[in-house]
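Engineer: If you want the building blocks of each chain, they are given just below.
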Amino acid sequence: MVDVFRALDDETRRLILDDLSARDGQTLFEICTTLAMRHGLTLTRQAISQHLGVLESAGLVVTERRGRSKFHYFNPGPLAQITGRWPSSKRSEQ
Amino acid sequence: MKISLTSLFVDDQRAALAFYTEVLGFKKRHDIPLGENFWLTVESPEMVDGPELLLEPAGHPAVKPYRDALMEDGIPLAQFSVEDIEAEYTKLTNKGVVFTQPPTDIGTAFVAVLNDTCGNLIQLIEMKSNWNDAEAS
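Each protein sequence line maps, in turn, to chains A and B. Using my numbering, you'd call the opening residue of the first sequence number 240 and step up by one each time. Using my numbering, you'd call the opening residue of the second sequence number 101 and step up by one each time.
The shape of chain A in the complex, shown without the other chains (with noise of 0.2 Å):
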């Protein structure tokens, strides 16, 4: 299990998650495309399967499978531990 503060220290994390939340359910194939040609990151594919694996372990992507294909998904649940830890409200209550 790795903690949701490790798994966002990262940016080529953090892009995937901005492509997956842009759109959801994407195979690794299309990851690793859109972010070598609209990024410019020509990580290899082991890599990119790495970091992936660093953000399901952290529950922020969960993966599908379909057909005989698998398919990644922006999970969002886990964020709420850092908006829970320092809550905005509260402060500007304050």
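Note that these hints are calculated values from the structure, not bench results. Think of the CB as a built atom: it goes at the ideal place given N, C-alpha and C, for glycine as much as any other residue. Do not take every clue at face value.
Unchecked claim - Using C-beta positions, here's what the derived DEER-type ranges look like:
(1) A:D248 <-> B:V123: 44 to 54 Å
(2) A:T283 <-> B:G135: 22 to 32 Å
(3) A:R245 <-> B:V148: 52 to 62 Å
(4) A:D263 <-> B:E172: 37 to 47 Å
(5) A:R304 <-> B:V123: 22 to 32 Å
(6) B:H160 <-> A:S296: 46 to 56 Å
(7) A:T283 <-> B:H160: 26 to 36 Å
(8) B:G150 <-> A:E303: 18 to 28 Å
(9) B:V123 <-> A:T302: 41 to 51 Å
Stated by the list, open to error - Covered, in the sense of this in silico footprint (three residues per stretch, anywhere, with C-beta under 8 Å from a C-beta of chain A), are these stretches of chain B:
(10) 157 to 164
(11) 171 to 184
(12) 196 to 205
For this one, chain A is given, so just place chain B on it according to the hints.
Structural biologist: Here is chain B on its own, set in the frame of chain A:
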């Protein structure tokens, strides 16, 4: 030197011929009995003397783990060029074709990935008209 033939492994040669001709619109070029199987190739009707695509039986034990792993990660094994990817996407989706990736703008082109029902993923590409190879170098 020219690329005259390339191949894809297919689960069932007759089903593959139907998909590649009736659904994708290629033409049958060779269909020669070879033992239990066939030397089966298709080609694009849009190209004279273009490359042939061999639809090869997937019986070799190495084929399944190889293709299963690529299919899981969404990696296509061939790429076909189209004039209008949105039109192809609509037409093929209406024919029941499943895409693992809808048309996507990748800057220089639009790409989409479909499942050929024979065990492979195929990428379609529409190059943007203002793009040429000189810009890439």
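Engineer: Work down the list of hints and note, for each, if the structure agrees.
Structural biologist: Consistency of the hints with the structure:
no. : hint                          : result
1   : A:D248 <-> B:V123: 44 to 54 Å : holds, 46 Å
2   : A:T283 <-> B:G135: 22 to 32 Å : violated, 40 Å
3   : A:R245 <-> B:V148: 52 to 62 Å : holds, 58 Å
4   : A:D263 <-> B:E172: 37 to 47 Å : violated, 18 Å
5   : A:R304 <-> B:V123: 22 to 32 Å : holds, 24 Å
6   : B:H160 <-> A:S296: 46 to 56 Å : violated, 36 Å
7   : A:T283 <-> B:H160: 26 to 36 Å : holds, 27 Å
8   : B:G150 <-> A:E303: 18 to 28 Å : violated, 38 Å
9   : B:V123 <-> A:T302: 41 to 51 Å : violated, 29 Å
10  : 157 to 164                    : violated (count 0)
11  : 171 to 184                    : holds (count 6)
12  : 196 to 205                    : holds (count 4)
Checked against the numbered hints above, the structure breaks hints 2, 4, 6, 8, 9 and 10 and satisfies the rest.
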